[in-house]
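Q: As they're listed, the protein sequences go chains A and B.
With this note's numbering applied, the first sequence corresponds to residues 1 to 333, in that order.
With this note's numbering applied, the second sequence corresponds to residues 1001 to 1333, in that order.
Because the hints were derived from the structure by calculation, they are not lab data.
Glycine is no exception: its CB is placed at the ideal position from the N, C-alpha and C atoms.
Each hint should be verified, as a subset may be incorrect.
Computed footprint of chain A on chain B; a stretch qualifies when at least three of its residues, placed anywhere within it, have a C-beta under 8 Å from a C-beta of chain A [what the hints assert, rightly or not]:
1) 1056 to 1063
2) 1162 to 1169
3) 1264 to 1271
Protein chains: 2
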Amino acid sequence: MKKLINDPQDVMRDSLAGFAAAHSDILKVCFDPVYVVRADAPVTGKVGIISGGGSGHEPLHGGFVGQGMLDAACPGQVFTSPSPDQMEAATAAVDGGAGVLHIVKNYTGDVLNFEMAAELCEARGIQVESVIINDDVAVQDSLYTAGRRGLGVTVMAEKICGAAAARGYDLGRVAELGRRVNESGRSMGMALTSCTVPAAGRPTFELGEDEIEMGVGIHGEPGRKRMPHRPTSELIAHMTDAILADQPIRDGGRVIAMVSGMGATPLLELYLVYRELEQILRGRKIAVSRRLVGNYITSLDMAGCAITLVQADDELLSLWDDPVLTPALRWGI
Amino acid sequence: MKKLINDPQDVMRDSLAGFAAAHSDILKVCFDPVYVVRADAPVTGKVGIISGGGSGHEPLHGGFVGQGMLDAACPGQVFTSPSPDQMEAATAAVDGGAGVLHIVKNYTGDVLNFEMAAELCEARGIQVESVIINDDVAVQDSLYTAGRRGLGVTVMAEKICGAAAARGYDLGRVAELGRRVNESGRSMGMALTSCTVPAAGRPTFELGEDEIEMGVGIHGEPGRKRMPHRPTSELIAHMTDAILADQPIRDGGRVIAMVSGMGATPLLELYLVYRELEQILRGRKIAVSRRLVGNYITSLDMAGCAITLVQADDELLSLWDDPVLTPALRWGI
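Could you build all of it, start to finish, from the sequences and the hints given here?
A: Encoded structure:
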């Protein structure tokens, strides 16, 4: 295993220390318990938005902490859920009196720990709502998940709920928006290579020289099938078909689209993927109204990509366009 | 070779088509000859700034086209210099009557072709100045280079010259700033793995399981030496020592720092690298006044990173902070 790390046990903390130093204008990192929080938290009268999950998916979630998006993020060890005490501390730190929304990817550990944290917070008098993100169409039930896994729609929900909270929407309305984004969104990923968890020291799974994993999870969980590597036009058609079979979008529909690299895929390839995606959608009379192309939800050093489509209406697009100032997303400020 | 591409011969054009579609609010791509240009070019009365080089280093250069940075970029085929006709067409497209600056990484093909383009443009009555970037301290002369290679200081020069041009500085003053940034900056890279050029189909070089290439070039050119892989704290100390040995920075000095991934290195690791770098600099009483951590100048799917330090004064920092709106760098707008 060749990685740019020191002791594999210290990866999360070492990396967070660098992250905090690099972005002290936007956020700070608390280390006991560990969470990333907006430098100006809590914002009085604003609904707080927090998320969290195992490390290894950067920039998710810490990279989305800042004005107009998350108020805090709880990172666990690599591919390991953060603990309820992290979530409780983060929730308390961002509560400005209007309650706090938890945006939770549907992995069993994350869901249980966020539930426990919500109970602890409510016992302290903090109002909490939760939105579960389960947008991955690849498989039903998986290694760490009952039901569908959470994937790229998480980024969309964090942006849109963050904008709604910044506008002053109340907790119920922000949570309802989060659920609507989840219901309107679908994702699917694929891997060219495995990731390698630092503490394990070897690849999570093995793929042949000309083999890919279609529908892979962001921890290297199995997807729908192994298949021969093919030109990208065919792979992206396959993924887009799977997404649209699960959630048909009518002629003239509009989407927010994301092509996210898995961590080791160069931008040159991700733009090529985006071109295929946009051509396919145009052929189906679906307009890409907004898009992200880059590394947004990753799986350590896995090569591959994931596609996310969220059906959008004027309200979602307007919230999407609101200003945001985070390490990984930034516009209008 | 597993990559997200179609025909290896079409990678540059396929990717540019996606890039153009994704960023049509900022720029457009002309395909005959190929160049990326600001949507609103030429800007009357403003010095135009262009750069270019082989593809495979994304987001460099096309990702830096936009308000406050480059007016145009000329991409060649992967790791291949663009041609003089591309540069000439791009220069003509961005000339707003105040002349055009060419920012050229020091690779023999790029330098010759930009020289030829400058002559063609001057024959058409367009005033051209050139700045050569040669910041890589690793080696003197290399596979594609007489003298030192151009590396991450290119990004710094593009940002600072772009800001100066946006302020209305004249061509001579913008070029002088570009030369000052180059003289004030140094870089060094390292590789954990080789890149694979699509048309070649196999890795450019081979590294052992526990071996790294210290001082690698962004086309996989040999560095200073192969050495055993070590904890990142030691590798970054080695690189920082090499940079500061070449250009000592006095106590109390300030720098703009960049940690750029080579393309396949996750953000988790890049922030860890940044932490090591900042600690080392603090120990030497050098303050990091501004920083970039992410993928800015890459080498296809190579794993590894490069460090760039530019000594900064109030003028350079002020220009750095000016607004910029490009696909890859965005602030203040």
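Q: Please go over all the hints and tell whether each is borne out by the structure.
A: Hint-by-hint comparison with the structure:
no. : hint         : verdict
1   : 1056 to 1063 : holds (count 4)
2   : 1162 to 1169 : violated (count 0)
3   : 1264 to 1271 : holds (count 8)
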